Each structure stands twice: as C-alpha cells, then as structure tokens.
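**Q** Sequence:
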Amino acid sequence: MPRYEDRSDKFLPILLVAGKMDLGLECKRVTEKEFVSDYRKKHNFFDFIECSSKTGENIERVFDKIARKMLTLASFL
Numbered sequence: 003m004p005r006y007e008d009r010s011d012k013f014l015p016i017l018l019v020a021g022k023m024d025l026g027l028e029c030k031r032v033t034e035k036e037f038v039s040d041y042r043k044k045h046n047f048f049d050f051i052e053c054s055s056k057t058g059e060n061i062e063r064v065f066d067k068i069a070r071k072m073l074t075l076a077s078f079l
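Take 3 as the starting number for the sequence shown in my numbering and just add one per residue.
Be aware that one or more of the hints could be misleading.
Computed cross-link-like contacts, PhoX-like style, restricted to lysine-lysine with a CA-CA straight-line distance of at most 25 Å [claimed, not checked]:
#: 1; residue 1: K22; residue 2: K44
#: 2; residue 1: K22; residue 2: K43
#: 3; residue 1: K71; residue 2: K44
Just the calculated beta-carbon pair ranges, DEER-fashion [what the hints assert, rightly or not]:
#: 4; residue 1: S77; residue 2: G26; range: 34 to 44 Å
#: 5; residue 1: G26; residue 2: L73; range: 29 to 39 Å
#: 6; residue 1: S77; residue 2: F37; range: 25 to 35 Å
#: 7; residue 1: S77; residue 2: N46; range: 12 to 22 Å
Note that these hints are calculated values from the structure, not bench results. Bear in mind that the values here come from a model prediction, so they are computed numbers and not experimental data. Note that the Cβ used here is the ideal one computed from N, Cα and C, for glycine as well.
Turn these sequences into a full structure, and let the hints steer you where they fit.
**A** Given below as structure tokens:
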C-alpha cells in the first residue's frame, strides 16, 4: 500500500507528477495516457503533470498547480 493511503486526512490533495520528461519517449507516452488517467482517478489525485528537472520543463507548472489548488481549498475554509 502506498504511504499516502495511510494518511488520516483523506481530503489532502495530491498531484501526480511524472519526471524524466526530457527522455523523449513520446511513443510510449501516448500508450500510457489511458493508464495514467485510470490510475489518477483510482487513487484520487487531483491532477497529473509531466516534468523534467534536467531541463526545467513544467517545473514551475507543478508548483503553480499546487498553489492554485491550495488557494481554492483555502477559500472554502
């Protein structure tokens, strides 16, 4: 069982992030989109994003998505 499932706060938003985007595996990425979509829904991740720490691609978007989600949740408190 993944560690995040042990958390007591089931309302904690979790963003699914895939690294190594810089490897250029476009053909493999297309076949895995359905798997990722199903996995994300099954485990209640609020979104999915690919990024590369090597090139910096989408790194800012990862933090932007998290910040926007937290601001949205804070407005409901």
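**Q** Taking 34 to 44 Å as the stated bounds, is the beta-carbon spacing between S77 and G26 within them?
**A** For S77 and G26 the Cβ distance comes to about 39 Å; the hint holds.
**Q** Check the following: the C-beta atoms of G26 and L73 are separated by a distance inside 29 to 39 Å.
**A** holds, 34 Å
**Q** Given the hint of 25 to 35 Å, check if S77 and F37 actually sit that far apart at their C-beta atoms.
**A** holds, 33 Å
**Q** Compare the distance between the alpha carbons of K71 and K44 with 25 Å, and conclude whether the hinted pair is satisfied.
**A** holds, 19 Å
**Q** Between S77 and N46, does the beta-carbon spacing fit 12 to 22 Å?
**A** This hint holds: roughly 20 Å between Cβ atoms.
**Q** Below or equal to 25 Å on CA atoms is what counts here, so check K22 against K44.
**A** holds, 23 Å
**Q** Does the alpha-carbon distance linking K22 and K43 stay inside the 25 Å limit?
**A** Holds, at about 22 Å.
Going through the hint list in order, the structure satisfies each hint without exception.
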